[in-house]
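A.B. asks: Based on the sequences and whatever the hints tell you, model everything.
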Amino acid sequence: MSSKSTLNEAPAAVIRKAAQHVVQNEGLIFEKSAPGKRGMEIPPLDVPAVNPAVALGREFAREDVEGFPEVSEIEVVRHFTRLSTWNYAIDLGMYPLGSCTMKYNPRVNEFVARLEGLASEHPEQPGEVSQGCLRILYDLQKCLISITGMDAATLQPAAGAQGELTGLLMIRAYLESQGNPRKKVLIPDSAHGTNPASVVIAGYEVQNIKSNAQGQIDTDHLREFVKEDVAALMLTNPNTLGVFEERIAEIAAVLHDRGALLYMDGANMNALAGIARPGDFGVDVMHLNLHKTFSTPHGGGGPGAGPVMVRKILEPFLPIPVVVQRENGQYALEHNRPQSVGRVRAYCGNFGVLLRALAYTLAYGPGIRQATEDAVLNANYIRKNLEDLFDLPYSLPSMHEVVFSDARQKARGVNTMDMAKRLLDYGFHAYTTAFPLIVPGAMMIEPTESESKEECDLFIDAMRSIAAEAEMNPDLVKSAPHSTRVGRLDEVAAARKPILRWRPADEKELAHDA
Amino acid sequence: MRYLPKSPSERHEMLKAIGVGSVEELFQSVPEKFRLCAPLDLPGPLSEMEIIQYFQNRAAENARGFGSFLGAGVYRHVRSVTADALVQRGEFLTSYTPYQAEISQGTLTAIFEFQTLMCQLTGQDVANASMYDGSTALTEAVLMAQRLTGRSRVLVARSVHPEYRQVLATYARNLGIEIVDIGYTQCGQLDRAAIEKAKLGDAAAIVAQSPNFFGVLEELPALAEAAHPAGALLVTCIAEPVSLGVVRPPTEADIVAMEGQAFGVSPSYGGPYVGVLATREKFVRQMPGRLAGQTTDAAGRRGFVLTLATREQHIRREKATSNICTNEALYALAATIHLCLLGKEGLREQALHNLAKARFALAELEKIPGVRRVFSGPFFNEFTLEFPRSVKMINDDLLREKIIGPYPLGTHYPELTKRAVVCVTETTSRAEIERMCAAVRRILERPV
Amino acid sequence: MYPNDYRYTKDHEWVKVDGSTGTIGITDYAQHELGDVVFVELPKVGAQLKAGGSLGTVESVKAVSEIFCPVSGDVTEINPALANAPEKINQDPHNSAWLIKLRLSDAKETAGLMDASAYEAYIAEKSKEHSA
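Residue numbers (this note's numbering), protein chains in the order written: chain Y, -14 to 499; chain R, 719 to 1166; chain X, 394 to 525.
If you're looking for bench data, these hints aren't it; they were derived computationally from the structure.
Among the hints, a few may not be true.
Unchecked claim - Calculated lysine to any residue pairs in the SDA-like style (CA-CA distance at most 25 Å, straight line): (1) K195(Y) <-> E231(Y); (2) K1037(R) <-> N892(R); (3) K1037(R) <-> V191(Y); (4) K395(Y) <-> R753(R); (5) K1110(R) <-> V191(Y); (6) K734(R) <-> L371(Y); (7) K369(Y) <-> R753(R); (8) K482(Y) <-> E434(X); (9) K519(X) <-> H425(X); (10) K481(X) <-> D404(X); (11) K1110(R) <-> E1163(R); (12) K1120(R) <-> P111(Y); (13) K437(X) <-> R865(R); (14) K1110(R) <-> C1155(R).
What the hints assert, rightly or not - Some chain R residues close to chain Y (C-beta under 7 Å, calculated; not the full set): (15) S747; (16) Y850; (17) H1032; (18) T1044; (19) E1063.
What the hints assert, rightly or not - Simulated DEER-style distance windows between Cβ atoms: (20) G21(Y) <-> E1084(R): 35 to 43 Å; (21) L30(Y) <-> E1119(R): 20 to 28 Å; (22) E16(Y) <-> A778(R): 40 to 48 Å; (23) T903(R) <-> R92(Y): 30 to 38 Å; (24) G446(X) <-> P761(R): 57 to 65 Å; (25) G1128(R) <-> Q199(Y): 55 to 63 Å; (26) T414(X) <-> E943(R): 37 to 45 Å.
We treat Cβ as the ideally placed atom computed from N, Cα and C, and that holds for glycine.
C.D. replies: Shown next, in the form of structure tokens:
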């Protein structure tokens, strides 16, 4: 294979997982729109009609929504079906995305979430006729408390980031009740971006602390950093390198000594469920990502849910409402909590997501440990089969994810982003690139327990093949992907002159469609 | 276990390849004292059938089949099974955030369409790919106004959804934002005289909801006229967006926060819903949340990418416009499909039905002795009534007849006891309205 | 490559002094490290800046870099061309893509900055570090 392959030349490698196939083209729905078409009818009006200009007054009335689509049901079905075929998905194969925990989304969860009597319930309806919903919330709380070894929970936060904020608000409220909210929160340089962003919204200052040479918290020097004005340390465990912070108990002790608290970002809980409990190793407050560890579907970017688990000392500060069980066995939403931090969102949370997480937990029961074991097994199997070809910046044992770097391939001008794009040609989604920040050229790989040995082997083969290509045919990798329906898109133009909506006039300026 | 695709022999093979004797060895980095020796105390494992049974039992313990006149930020509207079938396609349901644009064009195209629809509805220039819900969208809108104006006071109408205001207060507390409550008039609209008294020159924004929590439409042009000369912004929130089918869009607002649940998303006991944030083009770089933008590849093919990412936490970290990462993408998709099916005519027709049915219900209820309308301002599908006795007592009796009654305002407005907000949508049949009215009449005829 | 009459900072800004006016920009090295510039955020006319303080940011698709002011002064002009054509910073960072002009508080502040040859040596060292 010459080193000067062009964009359209077939790649030399045999790609076992994927092949090209005719996929439908499709424009925007607005481009199919024509007056008089409609996709849905509603039953006829059974009361006298009113004239909006009269009912509302001329100044409030609107003619119609200009530019709104007018298409038939079949066109809508074709449109979105065609669009869907342009996506990769867990249902198609592995997402090796580190820290995302892209596991199987069980279909029974979708079924139960849609049951009449669950999907239909209004959050403000009386508690007497919401006992089923409340019990679901209460049962999930109990399960999550069991799994994390903490004492109490809130299910209200809508995502991990909001969970982080909620946890920080509770830390602040607790410290205020002790006389001094303090000023700073320590964050390791390996942290996910939501951590520092959440700290700022909680009114604290971020103090970045450098990881040690092993990529872990510098416990030896931690004491120096935990001054009187430090409210908490936010850490992820296992950390974003997939490595367990072995000295976590010491870390907790250093903080507690100074009256500070330990926040754990639970994004990597998939390495711990059934194996170890954060409540046992000194964590005061943590969030979980139900759309990661608990299998609720990512849906192209959300929804999620970020329940927060706390030790007893933080229980008074939980957001309202708190889901409780009264002495008579009835479930209720308790609003009368004078020390609560308040609400972080309307109603009690992303109920539909919480319900799915409960269904997942019930499917496993105590057997959840097996899922964790398989997740760690898969990650280590992949690590073992790739560590001869890719640079491993930190050699500590990996748990559920492994982080390589592009250091070796960089010598041939191929970087992590290039290899991630080439992975698309092999029928996989990319791994996580450029995170954590402490690993330049990071390649973060988390297979999850949902991957069979076959899928893991296909992934290993793909990565090994790409490593060989980086050596022998770097241009092929640098110009990847080659078999997707669009090539690398011009992100610079998209940022310089953002086009963020369709407008009729744009039609004339369009490049031809894919 | 059916979710785990490995046979015992495969596990064995893999352990051998790794070079360890057992999977326990892979957990050596967890200090022994923390490693659990016993299984967790959890219910299960349950088969698929048992899981379904558990949830069906829970469903039977709720208000299945009840009639409802409850709105208050969450609305029963038509939903299409067609939309639901599309949303359940694995390529949508089980796909990730579209960071790898080449294999996410389905998601990105749909987001672009969602953004467009939200702009068309609200009359704004740009909308993002969704926030968590209306309450957090409003909160983020206020934070945006703070950043844009450099001011930290906001004048918030008391007629904004009480839970939205609670969320705003939780966030505002630690960001130095001062919330000034603005009352309402006899019409049920924001009291403009109170605005004039408040120091607008120090205010980042006036915050109003329309239709507001009492169901009344606010006069947004007048609020904008008050805000803008003083250098303040107008932030509007909309909890019932079906109103936009017949009510003029809030074009004079600078930032619009909206709850999209009414567009084909089930009430589902509080979530997931879909928050919308829309604003003027000049403010786009201060807008939080993801944005899908149109561009081309090297061959000139149109495609879509996430753009202006430098606003977001994964790049800007502590200086980000927000901490938001995961949003409500699947529900934005559901709303998009729903709105495409409904279309221009369908949305208008739906809105007209809401207008008509609410007025019919109001007329029937006003015939009942002791029941009178409060707040004379124009309304869409919710209106406020005063009753001769406690709303809770009336609602308790209605519940026995399998009717969920109107929202008791006394819960959050101590000065408004015995008043409730009635919601009627296109899904409420005439028969149901008449049944409810007859029930209320009967209940009020009983001695206290 | 690097004009002799400019002075340079360790953060890759340059300043050109003309009597009591200072013109400030970022260096060719900086624009190269950044990649394609998509947006520049600059202070308002009249803003008072201190040496070492932030004067704004420059953004590429995936990164944001803070720009630090080499000298103290009041902003008198901001470059009008950059709002619509931020790519000028990649094309002509030392001339037409100047960022701001200041009325200097103290022209002597430039004494602590590097001259062209010192800066060229500095970035040569940096390049070695990167490939090490």
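A.B. asks: Please go over all the hints and tell whether each is borne out by the structure.
C.D. replies: These are the hints, each one checked on the structure:
A hinted pair counts as satisfied when its Cα atoms are at most 25 Å apart, and K195(Y) with E231(Y) qualifies at roughly 17 Å. Proposed proximity of K1037(R) and N892(R) is supported: the alpha carbons are some 16 Å apart, at most 25 Å. Distance hint between K1037(R) and V191(Y) is fulfilled; the C-alpha atoms sit about 10 Å from each other, no more than 25 Å. Between K395(Y) and R753(R) the alpha-carbon distance is near 40 Å, which puts this suggested pair outside the 25 Å criterion.
Under the criterion of a C-alpha separation no larger than 25 Å, the hint pairing K1110(R) with V191(Y) is inconsistent with the structure, at around 47 Å. Among the hinted pairs, K734(R) with L371(Y) is consistent with the structure: their alpha-carbon atoms are about 16 Å apart, no more than 25 Å. With a C-alpha separation of about 24 Å, the suggested pair K369(Y) and R753(R) falls inside the 25 Å cut-off, and the hint holds. Our distance criterion of 25 Å between C-alpha atoms is met by K482(Y) and E434(X), whose separation comes to about 15 Å.
With a C-alpha separation of about 13 Å, the suggested pair K519(X) and H425(X) falls inside the 25 Å cut-off, and the hint holds. With a C-alpha separation of about 20 Å, the suggested pairing of K481(X) with D404(X) holds against the 25 Å cut-off. This hinted pair checks out: K1110(R) and E1163(R) have alpha carbons roughly 16 Å apart, not beyond 25 Å. Under the criterion of a C-alpha separation no larger than 25 Å, the hint pairing K1120(R) with P111(Y) is consistent with the structure, at around 12 Å.
With a C-alpha separation of about 15 Å, the suggested pair K437(X) and R865(R) falls inside the 25 Å cut-off, and the hint holds. Note on K1110(R) and C1155(R): the hinted pairing holds, with a Cα-Cα distance of about 16 Å set against a maximum of 25 Å. A cut of 7 Å between beta carbons decides the hint on S747(R): the least distance to chain Y is about 4 Å, and the hint holds. For Y850(R), the interface hint holds, the least distance from its beta-carbon to any beta-carbon of chain Y being 4 Å, beneath 7 Å.
A least Cβ separation of about 4 Å between H1032(R) and chain Y falls short of the 7 Å threshold, and the interface hint therefore holds. Hint status for T1044(R): holds, given a least beta-carbon distance of 4 Å to chain Y, under 7 Å. Because the beta carbon of E1063(R) sits about 5 Å from the nearest beta carbon in chain Y, less than 7 Å, this interface hint is met. A beta carbon spacing of about 39 Å between G21(Y) and E1084(R) agrees with the range 35 to 43 Å that was offered as a hint.
For L30(Y) and E1119(R), the hinted distance range of 20 to 28 Å is satisfied, since their beta carbons lie about 25 Å from each other. At about 47 Å, the beta-carbon gap between E16(Y) and A778(R) stays in the expected band of 40 to 48 Å. A hinted range of 30 to 38 Å is violated for the C-beta pair T903(R) and R92(Y), which are about 52 Å apart. Separation of G446(X) from P761(R) is about 59 Å and conforms to the stated range, judged on CB atoms against 57 to 65 Å.
As the Cβ distance of G1128(R) to Q199(Y) is approximately 60 Å, the hint placing it in 55 to 63 Å holds. For the pair T414(X) and E943(R), the beta carbons lie near 43 Å from each other, so the given range of 37 to 45 Å is met.
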